[in-house]
Amino acid sequence: MSFEWPWQYNFPPFFTLQPNVDTRQKQLAAWCSLALSYCRHHKLYTLDVMEAQESPVFNNKKIERKLSMEAIQVVFEELRKKGNLEWLDKNKSRCLVMWRRPEEWGKLIYQWVSKNGMVNSVFTLYELSNGDDTEGEEFHGLEEWMLLRSLQALQTDGKAEIISMDDGKGVKFF
Amino acid sequence: MDRFSWSNGLLEINETLVIQQRGVRLYDGDDKAKMDVGAALLSTHRLIWRDVKNHECCIAMPLSQIIFFEEQAAGIGKSAKIVIHLHPAPANKEPGPYQNSKYSYIKLSFKEHGQIEFYRRLTEEMTQKRWENTPVSQPIPAGPQAGRTRAVGIVGIERKIEEKRKETDKNISEVLQSKSFEILKNVSWWVKISCTGPECKMVEVSRSIANKIKEKQGDISEDETIRFKSYLLSMGIANPVTRETHGSGTHYHLQLAKQLGDMLQAPLEERGGMMALSEVYCLVNRARGMELLSPEDLVNACKMFESLKLPLRLRVFDSGVMVVQLQSHSEEEMIASALDNVSEKGSLTAEEFAKLLGLSVLLSKERLLLAEKMGHLCRDDSVEGLRFYPNLF
Chain A
1 MSFEWPWQYN FPPFFTLQPN VDTRQKQLAA WCSLALSYCR HHKLYTLDVM EAQESPVFNN
61 KKIERKLSME AIQVVFEELR KKGNLEWLDK NKSRCLVMWR RPEEWGKLIY QWVSKNGMVN
121 SVFTLYELSN GDDTEGEEFH GLEEWMLLRS LQALQTDGKA EIISMDDGKG VKFF
Chain B
1 MDRFSWSNGL LEINETLVIQ QRGVRLYDGD DKAKMDVGAA LLSTHRLIWR DVKNHECCIA
61 MPLSQIIFFE EQAAGIGKSA KIVIHLHPAP ANKEPGPYQN SKYSYIKLSF KEHGQIEFYR
121 RLTEEMTQKR WENTPVSQPI PAGPQAGRTR AVGIVGIERK IEEKRKETDK NISEVLQSKS
181 FEILKNVSWW VKISCTGPEC KMVEVSRSIA NKIKEKQGDI SEDETIRFKS YLLSMGIANP
241 VTRETHGSGT HYHLQLAKQL GDMLQAPLEE RGGMMALSEV YCLVNRARGM ELLSPEDLVN
301 ACKMFESLKL PLRLRVFDSG VMVVQLQSHS EEEMIASALD NVSEKGSLTA EEFAKLLGLS
361 VLLSKERLLL AEKMGHLCRD DSVEGLRFYP NLF
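In order, the protein sequences belong to chains A and B. Residue 1 is where the first sequence starts when you use this note's numbering, and the numbers rise one by one after that. Residue 1 is where the second sequence starts when you use this note's numbering, and the numbers rise one by one after that.
In isolation and in its complexed conformation, chain B is listed as follows:
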């Protein structure tokens, strides 16, 4: 067990996840490890184990550590196991849950099965040895003292965040060298929302990336695009309005509404002027990163749009579906477009309409219902589903 070191659970640049199995208990040799049941992850480079409840608790070891491994069949009251024999830990190994161990092997006990597939994939990885061909980016030392120290509580979390940011910084500069173009539109938005905060530096970086990308206009693999996007997403809002900064109650919601107004403008325009509240919720919280919003606070903030004279509105449809829409987004236009589309096709279901407009099914249905309510459409409710026709009556 002393071969494991603490990990943040994130995959490195060139690392890909191979398989993941829940309900795995670790054994230090023949003894049960002092950890609970968790998930075992196999990547191209590492064997990772994560606590099922506390995701902060995550350990990993490089696959190069493995000498060989064998299956141990299940018995009465015993789960199937994979026994993994290991090289001795290198001297410069980062700290893990065990300082030392008398065993040179560990066991993975599969409480919820899945050992067969895991074994197969592990065998595959061990023969392919992909970690040799594509070395992961070397972790940069965190601070003046070499090696990370494990800290608990808030200090630990803060340190972890700090580490993660440094890593992101580095990764972005790596991506910088490659080419990307699809990200541009996203970058501009994220730049906008984060440029007021103390983390302006980050923004500068992303802006320069954006420019470089613009110049190059080269092709970029989808994989890289996705990864880069996720970095940008994790930057998020630099100084989120929180209860701590603005107290609770109306004032908090007012400030929150203003911030929402700023950040939602661009995504709303992109999506045709309307977004379901759930979608807004996800987007906002992804942007905020740590300081998550509760659904109530979001709704309350959205209700303030009107009194603040922001160009956004919270709209509640008859069905109870709530959406945020641009004020300029006119209802007549929406109905007219629904009618046009339906007339053109003869008849439409909400799903077809959604596909046509690139909207969510929920929202497209609301539009059709609205047009029906205004008497422009009528419905055909049969076993084949609900279809809308132009109102010929």
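With the rest of the complex left out, here is chain A:
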């Protein structure tokens, strides 16, 4: 299934940061949703700002427009404010993209657990993300840091507890 670009992607002004405040808000909202859906479609979890500039998301070769570095930073900052992005370094050159926030992932995992009646059982993290049982689930193949974050979120809600095991980490659902 190929990625479906939003209509804005072929609209040249989309690639210029709009000076009008209202217009800019709408523009940024569109950028955020495009960036997230793109990452989701391609299962991207980390982004490099330098690379991002060359990626098709921010560079539309067909209409010969690309989003400037500054504008990309603005979009990323907007994503960070919404809780979908975290910087990995102080220079803001690499970031984690969370097209689903940890709480949302946690919820998905917990739904699966309770649906399969496995509350009160213990899983290894590997089992959850790469096990045969979870195949076909959305969180299958989730990166470990992300998985850990989601489980931590569940833990704060009191729905799970992360346990340290000899060969890595495990989790118990309540």
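Quick caveat, the hints were computed from the structure, so don't treat them as lab data. The beta carbon of each residue, even a glycine, is placed where N, CA and C say it ideally should be. There could be a bad hint or two in this list.
Once the Cα atoms are required to be at most 27 Å apart in a straight line, the calculated DSS-like pairs of lysine-lysine come out as [unchecked claim]:
#, chain 1, residue 1, chain 2, residue 2
1, B, K345, A, K66
2, B, K53, B, K129
3, B, K111, B, K32
4, A, K62, B, K53
5, B, K34, B, K53
6, B, K373, A, K81
7, B, K111, A, K26
Sample of chain A residues facing chain B (criterion: CB under 8 Å; computed from the structure) [said to hold, decoys possible]:
#, residue
8, N10
9, F11
10, P12
11, P13
12, Q18
13, N20
14, D22
15, K26
16, Q27
17, A30
18, R65
Since the structure of chain A is already known, use the hints to place chain B on it.
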């Protein structure tokens, strides 16, 4: 050098400028003339020389005075020259800077080069002898005493103005005989602004011209139109409000604002209700002729529009561009038209929009920016320039 006579530097009716060269020094024979460096002008009828600093200082001689001329190459520390040998001055010659001269030739010394082209054009004119086919209008004697006397200072300037006006009078009556139609709209405006003054006579003349033209509706050469326009422009405002007549300060600006209000109405309507302040400045000063306005005074006067309840407004755009606009000129309409135009074309740059509306680029850009500010348009700022699109966001 005694062949030269004083001139006002203006070309006559049938005279056209052929070439002009800066940085030319005159020599009376082999001696440096007592004048500074200036510009040498060659017309179809005359050789004219004008002082570079003092434009009032201008001398001319008819080309028919020339016997022959030759080039003198440049040397070390010497500029190239053209030596012009001349017939003796006619007895009825008007006065010039030299009463008499022991030389029968002059030299043009080209400090800033250009002698080659000047020489070529001079040769052309001398072979064509265009002055013989199209004689210039005969100058009318200025006053009872024959021949003009050179006066300095204010008297001189006044006399010069008087002369110029007489000439204009005559020229207009000449144009009267030819046909013209394009000028009408301009005439009406100029008539309006000058009919309060003591120079009403002038106005009458131009009005009658306007009527005649209206009747004839014939074709007129572009050349004539332009010339006639320039005459009308030089008439201008008959009794301009000046610091002398109205003192300085607020009162002066108030009066000035009223006058501006009257004279700007028509040109503003013609230009779609808005003019850049710089454009207004040029227009006003052209109309005033002598009593020029300073930019500050103009701005101050424009600021008075509102308190005087005049139908004009000074408007300052966010970018700092100042314009004078008609009060009736509504912003909503302006924005709506900008949006319409952009929607129709898909996208527009300020230049394209300007062409479409016949506005200046500066003003058309302000309109687009305004529409953008109101959220109707959005921009695409790329290497190809700034384009505006309908705001689809």
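Tested hints:
At roughly 23 Å between alpha-carbon atoms, K345(B) and K66(A) fall within 27 Å of each other, so this suggested pair holds. Restraint check for K53(B) and K129(B): the C-alpha separation of about 31 Å exceeds 27 Å, so the hint is violated. As the CA atoms of K111(B) and K32(B) are separated by approximately 13 Å, the hinted pair is consistent with the 27 Å bound. The straight-line distance between the Cα atoms of K62(A) and K53(B) is roughly 59 Å, outside the 27 Å bound, and the hint therefore fails.
In summary, the hint linking K34(B) to K53(B) is supported, as the alpha carbons are separated by about 15 Å, within the 27 Å threshold. The suggested pairing of K373(B) with K81(A) holds, with an alpha-carbon distance near 26 Å, which does not exceed 27 Å. Between K111(B) and K26(A) the CA atoms are separated by roughly 65 Å; this puts the pair beyond 27 Å, and the hint is violated. Hint status for N10(A) relative to chain B: violated, with the closest Cβ pair at about 11 Å, above 8 Å.
This hint holds: F11(A) has a C-beta 6 Å from the nearest C-beta of chain B, less than the 8 Å allowed. At about 4 Å, the closest approach between the beta carbon of P12(A) and any beta carbon in chain B falls short of 8 Å, and the interface hint on this residue holds. Against a cut-off of 8 Å between C-beta atoms, the interface hint on P13(A) holds, since the closest Cβ of chain B lies about 4 Å away. A least Cβ separation of about 5 Å between Q18(A) and chain B falls short of the 8 Å threshold, and the interface hint therefore holds.
Nearest Cβ of chain B to the Cβ of N20(A): about 6 Å, under the 8 Å cut. The hint holds. Given hint, D22(A) at the interface with chain B, holds; its Cβ is 5 Å from that chain's nearest Cβ, closer than 8 Å. At its closest, the beta carbon of K26(A) sits 4 Å from a beta carbon of chain B; the interface hint therefore holds under the 8 Å criterion. Annotation: Q27(A) was flagged as interfacial toward chain B, and the flag holds, the nearest CB pair being 5 Å apart, inside 8 Å.
For A30(A), the shortest C-beta to C-beta distance to chain B is roughly 7 Å, which falls under 8 Å, so the interface hint holds. The restraint placing R65(A) at the interface with chain B holds, with a minimum CB-CB distance near 6 Å, inside the 8 Å limit.
Checked against the numbered hints above, the structure violates hints 2, 4, 7, 8; every other hint is satisfied.
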